[in-house]
Amino acid sequence: DTEVTQTPKHLVMGMTNKKSLKCEQHMGHRAMYWYKQKAKKPPELMFVYSYEKLSINESVPSRFSPECPNSSLLNLHLHALQPEDSALYLCASSQGRDPYAQYFGPGTRLTVL
Amino acid sequence: AQSVAQPEDQVNVAEGNPLTVKCTYSVSGNPYLFWYVQYPNRGLQFLLKYITGDNLVKGSYGFEAEFNKSQTSFHLKKPSALVSDSALYFCAVRDGFMNYGGSQGNLIFGKGTKLSVKP
Chain A
-8 DTEVTQTPKH LVMGMTNKKS LKCEQHMGHR AMYWYKQKAK KPPELMFVYS YEKLSINESV
52 PSRFSPECPN SSLLNLHLHA LQPEDSALYL CASSQGRDPY AQYFGPGTRL TVL
Chain B
16 AQSVAQPEDQ VNVAEGNPLT VKCTYSVSGN PYLFWYVQYP NRGLQFLLKY ITGDNLVKGS
76 YGFEAEFNKS QTSFHLKKPS ALVSDSALYF CAVRDGFMNY GGSQGNLIFG KGTKLSVKP
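Protein sequences, first through last, are from chains A and B.
Take the first sequence: its letter number 47 is residue 38 in this note's numbering, and every next letter is one higher.
Count along the second sequence from 1, then add 15; that gives the number in this note's numbering.
If we strip away everything but chain B, and leave its shape as in the complex, we get:
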């Protein structure tokens, strides 16, 4: 079964410093990996995805993620954190495939990591 793990409940970073939010995955077959961000009382916003190709994926709001197959990791990074980056971050893996006659690949989410960026 596919799964993702986010080992940190919370990450604290000073504004201007680089940030990393960790994610490891367990999949059978090729991993399709995603990062989402959720601000308080809001829906999830898509940040970026890894499907294939370059291991460094660039996404929205200056975020990027590095896919590491040997370490089965997909850590989210940003070179310089902003206070406005403070939010809940979810890593997710796609489960299964689109089958026109049947099941749809779904997202399996990690438990989430709260990022707090202080001025």
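The following block holds chain A by itself, in its conformation from the complex:
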């Protein structure tokens, strides 16, 4: 099963709301990622978790807060977002050992009003 699932598929939120994006994989992968993708652009890396520890934070604003409760789950907590944060948020996982490919979820389409 090479599947990464993400919920919700779509999310609309106001700038004062708090919401969370969820990602789950059951492939035994030990590295998980959050990417942000604007329309017709390549994904931009936000965070990397390796063995449930945050290993990379690509200078992401603090209004985005990642969490890795266990090796299968990855959350992205959102608070006080701006309209320019509207994008497709993609989760991915990999076996955590170079050079394996990353497997992506279908994404959450986020709109910030």
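Honestly, I wouldn't trust all of these hints.
To be verified - As a list, the in silico SDA-like pairs of lysine to any residue whose alpha-carbon atoms are at most 20 Å apart: (1) K9(A) with P52(A); (2) K31(A) with S131(B); (3) K29(A) with D24(B); (4) K32(A) with E23(B); (5) K13(A) with H68(A); (6) K13(A) with Y42(A); (7) K29(A) with N56(B); (8) K32(A) with K37(B); (9) K37(B) with D24(B); (10) K10(A) with Q73(A); (11) K0(A) with K129(B); (12) K31(A) with K73(B); (13) K32(A) with Y54(B); (14) K29(A) with V132(B); (15) K31(A) with K84(B); (16) K31(A) with T67(B); (17) K13(A) with R57(B); (18) K44(A) with K0(A); (19) K27(A) with H1(A); (20) K32(A) with K73(B); (21) K31(A) with A102(B); (22) K29(A) with R57(B); (23) K129(B) with V42(B); (24) K31(A) with V132(B); (25) K73(B) with Y91(A); (26) K31(A) with L103(B); (27) K10(A) with A102(B); (28) K64(B) with M18(A); (29) K32(A) with K129(B); (30) K84(B) with V42(B); (31) K32(A) with P55(B); (32) K27(A) with N27(B); (33) K126(B) with A29(B); (34) K32(A) with T128(B); (35) K32(A) with K84(B); (36) K31(A) with V42(B).
These are computed hints drawn from the structure, not numbers from a lab.
Please arrange chain B on chain A, whose structure you already have, making use of the hints.
Just chain B now, with coordinates in the frame of chain A:
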């Protein structure tokens, strides 16, 4: 620093004709190269990867890619295009290595090439 370039914003092909989507790379050390496809409003799907070995790599949905070290290229190919192949294609290179105590090798993506296959 590692990077990939996709020189074409869009490639147009007639159904049944061969297709090529171009990618060139710049890396220090051994290149680990990948192709992904993205259909509208969907996540990225892994197509194939080159790590080592044969220069011709076969992947999903009949796609293949040719690794050319002298030309630093990794072009995606398919002998006979289908209308359903129409999508956005990303070439990517792996940046860095897995370090159990620290950083994780990440993907660096090209800007993407839109493939349009007409009936």
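Here is what the structure says about each hint:
With a CA separation close to 15 Å, the supplied pair K9(A) and P52(A) stays within the 20 Å bound. A distance of roughly 14 Å separates the Cα atoms of K31(A) and S131(B); the hinted pair therefore holds under the 20 Å criterion. Distance hint between K29(A) and D24(B) is fulfilled; the C-alpha atoms sit about 16 Å from each other, no more than 20 Å. Annotation: proposed proximity of K32(A) to E23(B) holds, straight-line Cα distance about 14 Å (limit 20 Å).
Proposed proximity of K13(A) and H68(A) is supported: the alpha carbons are some 9 Å apart, at most 20 Å. Pair hint K13(A) plus Y42(A) holds up; C-alpha atoms about 18 Å apart against a cutoff of 20 Å. A C-alpha spacing of about 11 Å is found between K29(A) and N56(B), which places the hinted pair at or below 20 Å, so the restraint holds. Between K32(A) and K37(B), the direct Cα distance comes to roughly 17 Å. Compliance with the 20 Å bound is thereby established for this hinted pair.
Distance check on the hinted pair: K37(B) and D24(B) sit about 10 Å apart at the alpha-carbon level, within 20 Å; holds. Restraint check for K10(A) and Q73(A): the C-alpha separation of about 13 Å stays at or below 20 Å, so the hint holds. With a C-alpha separation of about 24 Å, the suggested pairing of K0(A) with K129(B) is violated against the 20 Å cut-off. At most 20 Å may separate the alpha-carbon atoms for a hinted pair to count; K31(A) and K73(B) exceed this at roughly 26 Å.
Pair hint K32(A) plus Y54(B) holds up; C-alpha atoms about 13 Å apart against a cutoff of 20 Å. For the proposed pair K29(A) and V132(B), the alpha carbon gap of about 24 Å is over 20 Å, so the pair is violated. With a C-alpha separation of about 29 Å, the suggested pairing of K31(A) with K84(B) is violated against the 20 Å cut-off. Taking the CA atoms of K31(A) and T67(B), the gap is near 31 Å; set against the 20 Å cutoff, the hint is violated.
Restraint check: the Cα-Cα separation between K13(A) and R57(B) comes to about 16 Å, which is no more than 20 Å; the hinted pair holds. Distance hint between K44(A) and K0(A) is unfulfilled; the C-alpha atoms sit about 26 Å from each other, more than 20 Å. Straight-line distance between C-alpha atoms of K27(A) and H1(A) comes to about 14 Å, which keeps the hinted pair within the 20 Å bound. Between K32(A) and K73(B), the direct Cα distance comes to roughly 26 Å. Violation of the 20 Å bound is thereby established for this hinted pair.
Among the hinted pairs, K31(A) with A102(B) is consistent with the structure: their alpha-carbon atoms are about 11 Å apart, no more than 20 Å. Among the hinted pairs, K29(A) with R57(B) is consistent with the structure: their alpha-carbon atoms are about 12 Å apart, no more than 20 Å. For the hint pairing K129(B) with V42(B), the CA-to-CA distance comes to about 24 Å; that exceeds 20 Å, so the pair is violated. Between K31(A) and V132(B) the CA atoms are separated by roughly 18 Å; this keeps the pair inside 20 Å, and the hint holds.
Between K73(B) and Y91(A) the alpha-carbon distance is near 16 Å, which keeps this suggested pair within the 20 Å criterion. For the hint pairing K31(A) with L103(B), the CA-to-CA distance comes to about 8 Å; that is within 20 Å, so the pair holds. Among the hinted pairs, K10(A) with A102(B) is inconsistent with the structure: their alpha-carbon atoms are about 31 Å apart, more than 20 Å. Distance check on the hinted pair: K64(B) and M18(A) sit about 19 Å apart at the alpha-carbon level, within 20 Å; holds.
Annotation: proposed proximity of K32(A) to K129(B) holds, straight-line Cα distance about 11 Å (limit 20 Å). A distance of roughly 11 Å separates the Cα atoms of K84(B) and V42(B); the hinted pair therefore holds under the 20 Å criterion. Distance check on the hinted pair: K32(A) and P55(B) sit about 12 Å apart at the alpha-carbon level, within 20 Å; holds. Between K27(A) and N27(B), the direct Cα distance comes to roughly 28 Å. Violation of the 20 Å bound is thereby established for this hinted pair.
Straight-line distance between C-alpha atoms of K126(B) and A29(B) comes to about 23 Å, which puts the hinted pair past the 20 Å bound. Under the criterion of a C-alpha separation no larger than 20 Å, the hint pairing K32(A) with T128(B) is consistent with the structure, at around 10 Å. A threshold of 20 Å between alpha carbons decides the hint, and for K32(A) with K84(B) the separation of about 27 Å lies outside it, so the pair is violated. About 25 Å separates the Cα atoms of K31(A) and V42(B), which puts this hinted pair outside 20 Å; it is violated.
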